[in-house]
Every structure is written in C-alpha cells, then in structure tokens.
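Residues per chain are reported as follows:
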Amino acid sequence: MLAALLLLVVVVGTHNSAFVQPQNLLNLIASNSFFGMIALASVFLLALGEIDLSVGWNFNFSAVIAATAMTHGVDPWLGALLGVLFGATLGLANGLLTTALRLPVIIVTLGTFSMFHGLSLVLSKSSAVVPPDVEGSFFTSVQRQFGKVPVLAIVFVVLAIVLQIVLSRTRFGYRVQAIGSNPEAARLAGIPLARTRILVLVLVGAVCGLSGVLSVGQFGAIDTNSGSEFLLTVVAAVIIGGTPLSGGSGTVVGALFGALIIATIASGIVFFGIDATWSTFVTGAVIVVAVAVDQGVKWQRQRRAERRLD
Amino acid sequence: MRIARHIIMIAGLVALVGLGAGASTAEGTPQAQTQKKLTIGFVTHFVGNPFIKQVAQAARDAGKDLGVTVKITGTPGFDPAAQLKIVQDLFASGADGVSTSITGDSMATGLNALIGQGKPIVQFNIYSSRIKGPYVGERSVADWAILGRMVRQKMGGRSAKGKVIIGTCAPGFPALVDRIKGVKRGLGAGLVVKGAFDVTGDPTKNYTAWQQLIAANQDAKALIGVCAQDLENLGKLNKLNGNKFITAGGDPTLGNLAALANGSGLISIGQTGYVQGYLPIKMIVDAIRSGKKLPNGGFIASGAEVITKSGAVEDHGLPRISLATIKKFQTDAAAQKSYYRRLFVGKGKFVNWRTHVEPIANAGR
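Those protein sequence lines, which keep their order, are chains A and B.
All residue numbers for the first sequence refer to the working numbering, where the first residue is 2 and numbers rise by one.
All residue numbers for the second sequence refer to the working numbering, where the first residue is 6 and numbers rise by one.
Certain hints may be false.
[Stated by the list, open to error] Chain B side only, calculated, beta carbon under 8 angstroms to chain A, not exhaustive: (1) I77; (2) F83; (3) K90; (4) G109; (5) G177; (6) A180; (7) V182; (8) P300.
[Unchecked claim] Here are the simulated distance ranges between beta carbons: (9) A:S115 x B:N246: 22 to 32 angstroms; (10) B:K249 x A:V123: 26 to 36 angstroms; (11) B:K244 x A:V123: 33 to 43 angstroms; (12) B:K137 x A:V123: 29 to 39 angstroms; (13) B:K244 x A:A195: 50 to 60 angstroms; (14) A:L82 x B:T209: 39 to 49 angstroms; (15) B:G167 x A:A195: 47 to 57 angstroms; (16) A:L111 x B:P81: 20 to 30 angstroms; (17) B:Q122 x A:Q301: 53 to 63 angstroms.
[To be verified] Output of the computed footprint for chain A on chain B, the stretches with three or more beta carbons under 8 angstroms from beta carbons of chain A: (18) 113-126; (19) 357-368.
It is worth saying that the hints were derived from the structure and are not from the lab.
Here a beta-carbon is modelled for each residue, glycine too, at the ideal position from N, C-alpha and C.
Just need the whole structure built from these sequences, with the hints factored in.
In structure tokens:
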C-alpha cells in the first residue's frame, strides 16, 4: 500500500513540485483526517464482516450536538466531550438494535442512516450551526500546528497507531477477527458475539463523534450536509487499505494509507489541472490502478516466498 | 513483528512528508504576477449539472478574453470539506486566485485564512456571509418572489384561492431556503401553501417524488419546485394530468424550456449563470493586475431571468430573447458569449464592477 501511495505522490510531485512541499503533504493528511479517522475505526467493523451505513450522519449529528451545546453557552471543551459521548451513544443504539432485532448491522444502519440525518436536521433547524466564540481555546487548539505539523494530522496518525495495537495486540482485537473469520467457531470458543459487536459499534460511533467535534473545531461550524458523502470514501479507504469485505482480518495502518491514497488522488486531480468533467472518471481509474499496483506487489512477494519454500 | 512493520510503514509516511523538504516554491512579486500568465481556479459543486456547465463555460470565456488560464474543477454533489480542500490545493499548485461556490458555512474559516494571506477569492452561486470576499449570485428571495407573484396572478390574482405545493431537492440548504422564502412571499396571504417537501436531487427520484405529491394532492392548483430538475419533471407529469396544474421552477435547462414551450410549465426563474461564471474571473484578474484588493465582502447581483413561453426578460438592460435563442445558448457557446459579452466590454455594466457592489445582506433580502 505504501508503494502505491509513494508512486502516486512521486507522479503528482514530478508534475508539480509544490505538491510534495512538506506543508502541503501535512495539510493533505490533516484535511482528510475527518473521513480518515472513521475509516480507521471502520476496520474493526469490516473485520467483523459488517458495514455501518450511518457513519456519515453519526459524524454530522454528533457535531451538531456539540456545536448546539456550544451555542447554548456550554464550554467548547465540554461540548466536544458531549459530542464524542453522543457519537458513542449513537453507536450503542446501532449495537442494541442489531442485537435486539438479530439483524446484520447493514440492515439496522440502513434505517438509522436516515434517522440520524433527520434528527440532525431537526436539531439544527436545517441550517449551519455556528458556535459563537470560534476564537476560544478549543478552536485554536484544534487548528494549532506544532512546527509545521497540524494537530489534526497528529491525532489521525496517533489514533491509527492506537487502534492498530488494539486490533492486533489485545484480546478485544483478536475476538473481533475471530468472529469475522468464523462466527460459529468463535461462539463455541466462548467469545461473546453480541457484546463484541456492540463494543465495536460504540467504538465506531465514538470515533465518528471525535471526528465530528474536531471538524467543528477546525471549521468553526457544522453544515447540514457535512458528512453526507463520507460512506463510500470510508469503505473505499478501508478496502484499498487491505481489509477484506469478507471479514476475519484487518489493518488499521492500511486504512490510513488507503485514506491517504484517496486524498492524494483527489489533490492530484487539482495539481494536474484535470477538467471537472473528467475528474470523477480519473478518480475511479487511479483507485483501480493503485489497488492493482498493491496486488502486484503482494503477488510478487508471495511468489518469492513460494520459490524460497521450493 | 507486525507492530514493527507498521512502525516502519509510519516511518515511511514521515519520510514521504520529508520528501519535498528540499523543494521550494518561488513566491511571485506583485509586478511579476501582473506580467506572467495568470492561473485562476474555478471550483463548482454539482459538476455536470446543465446550469453549472453554463456557468463554467462563461468562466472559460472570461479566461480567453482576459488572457488567463482558467482551471475548472469541483465535486459531483454538495461537499464543503472537499471543495475547501480543492481551493487549498489550487493555491498550493500555483493558482493566482480562485472563485468557488460555497456549499457550506464550514468553508469560511479555511477560506478566510487564505484571504488573510492575500489570496484573491470570489464566491459565486452560493455564498456564506462569514467569508471576507465578494459574492456574485442571485437575489434568492427577491428573484423567487417574482415567481410566486406570477403563480398567484395565474391563480386569479387578489382573489386567488387554493392549494400550492412546494418541493425542494435539498431540505435545509440555505440558498434553497431563501428561494422558498421568496416564493412564499410572492404567493402572499390567503393560499394554502404546503411544503417544502423533499423531492430529492436525483432526476429519476425527483420525478417519482412529484408523482406521489400529485397523487396525494389532486386538489392542488399549483406545483413549484426550487431546483433545476423540478420543472422538467413537473411539466411531464402535468401533461399526463391534462395540464390542470400551474407549474413553475428554476433555471433554463433544456427540459425546463421544453416544459415552457409546450405549455405544461408557466415560468422558470433563471439566475443569469453566465454572469456568475464570467464576472468572478474578471474581478480576480482586475484585482491582481491593478494591485487593488478585492472588496472585503459584498454582493453583486448576477440578475434574474424571467423565462416564460414567450421568451426571457433579462436583467441589466439586455434585450429580450426568445425561447429558441435561450435553447441555442445551451449548445452554442459562441452564441451565448456574443449575447452576454456586451456586459463586460466597452461601456458594459460590469466593466467597472466595483460600482455595483452592494452589502452582502441584500443577497438574502
């Protein structure tokens, strides 16, 4: 995945050196961290063999809750905490519904997708929610840079490392992968299926909330349509990153690179000056090429390993 | 081992960021900027939408007339975060100025940061009053009040009675909320106004949504959609219902013009997309070449087009045109340019555009 990302960066950077300016690359990571963070958490869900369709509106609704609290005089830091907890609560609601109705997550979130959207519109009165004091410490902290490194980029990368450790080094992570690999075997082994699924949905919800409140901190507002386009990009980042749709395994760091590949393609289109009418096609075509490069590298590695065994 | 591999991958990412550390960009002086060929970015929402295509064509025309390169890009839907990133990327790739539609208030902080660095930015089509740059677009409320008044007139004027259904493709979207406000203002008191109902942005779903609204409101007298795809579908449905409804909508798309021509549609309000594409490019180029900064906000009305079966009454003193001529504009870029170009050359209204800047509040009045 890193090879495909490097190739893309080199191609765009060769065309226009401004693209590979450190500040530009760091900004690229920061500004794509909102959907990217959700992709990191979604790896757990895909590793379970499930998909949450409501992530974009969970992001939006949590951000609206946080921003609305701020407009009602709640301290922005507390408002942000409220947003994260609210996101986790929406995830819990998804989890409880999934368990109670004995339905796959995709079916339940097909409904909660619209419920979260609708309730968010009702709460925001169908207009952008703009907190009153966007110069306060919460906002300046989110927008801050350490040297040239934006806080958002740090949060994104740190979250990727933490979640990768959770997935590959903790009992919870092993359980997630075991359930995704073979739910029946996992059940017979005494792994609590329902509780694990609920916990994963709470995790995804909390990260949606975190991403939402960080977006309020970065932009100083939340729009009625923010997050509406996240779903496909999130799933694409996870899959490009190497997590199979069938479940059983996953890579959070891979999803980080998957998100950055999507981000690089979107920026590359601008740097190449590709006309708007062609950009959608080019985006799709480059994703296919990037995945093909990754598959090619994996295939060669596998062949080399097989030769060594022979 | 796996953790170690992941750490190596993260290190690779850090190295990637360091890749360009040695590279440098030369900041042009104002004098150099006036001499080199300027590059202006033009960022739209709804790429491929017929109205947006007309606006983008006008931006291209402006680029040719002014001797600058215009890079047109955007997003397929409404995605403020993606649009903001495109604007940032355009400046990072060397653009001298950018005109963008504002699909959300959340673009304001990022755009204001760029404006603070001296980057010229002009808003078009959809705006945010939080942005410290000028806006070229419609008077959403006032222009759509014209439509409301004409529908009421057709319903019987002062003595009009009955039910009016309003549909929107994006509930809560500020520009459309303003349009609905305008329609309701124009319709006035004494009518039963229902909606706005969500009729969706997808043309196929839009047809079905209107079909269902009609089925549920057979007693309605008028049906009004505030998005570009509404009138075309309303016209088709009205025809199936024996043209018993008064239908109205916005923008001069081919489908809307067909509905007006065959009598299944009453009126379409246009927002003079050509001005929304051409003028922002001219404003940015003028500002860079003259060294005089863009206004710190403000609004220039692109003008309303009142399009009916008998043709279009245009703003800015432009001559009246027939439906056939407007239709020709959709496919003949040269014909469109020759009609609107008079606004930007010689003694044209927008040659000295600074005299037409109004307070931004006027855009939503």
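These are the hints, each one checked on the structure:
{"no.": "1", "hint": "I77", "result": "5 angstroms, holds"}
{"no.": "2", "hint": "F83", "result": "5 angstroms, holds"}
{"no.": "3", "hint": "K90", "result": "5 angstroms, holds"}
{"no.": "4", "hint": "G109", "result": "3 angstroms, holds"}
{"no.": "5", "hint": "G177", "result": "3 angstroms, holds"}
{"no.": "6", "hint": "A180", "result": "11 angstroms, violated"}
{"no.": "7", "hint": "V182", "result": "7 angstroms, holds"}
{"no.": "8", "hint": "P300", "result": "22 angstroms, violated"}
{"no.": "9", "hint": "A:S115 x B:N246: 22 to 32 angstroms", "result": "30 angstroms, holds"}
{"no.": "10", "hint": "B:K249 x A:V123: 26 to 36 angstroms", "result": "35 angstroms, holds"}
{"no.": "11", "hint": "B:K244 x A:V123: 33 to 43 angstroms", "result": "36 angstroms, holds"}
{"no.": "12", "hint": "B:K137 x A:V123: 29 to 39 angstroms", "result": "32 angstroms, holds"}
{"no.": "13", "hint": "B:K244 x A:A195: 50 to 60 angstroms", "result": "55 angstroms, holds"}
{"no.": "14", "hint": "A:L82 x B:T209: 39 to 49 angstroms", "result": "43 angstroms, holds"}
{"no.": "15", "hint": "B:G167 x A:A195: 47 to 57 angstroms", "result": "55 angstroms, holds"}
{"no.": "16", "hint": "A:L111 x B:P81: 20 to 30 angstroms", "result": "22 angstroms, holds"}
{"no.": "17", "hint": "B:Q122 x A:Q301: 53 to 63 angstroms", "result": "46 angstroms, violated"}
{"no.": "18", "hint": "113-126", "result": "holds (count 3)"}
{"no.": "19", "hint": "357-368", "result": "violated (count 0)"}
Going through the hint list in order, the structure does not satisfy hints 6, 8, 17 and 19.
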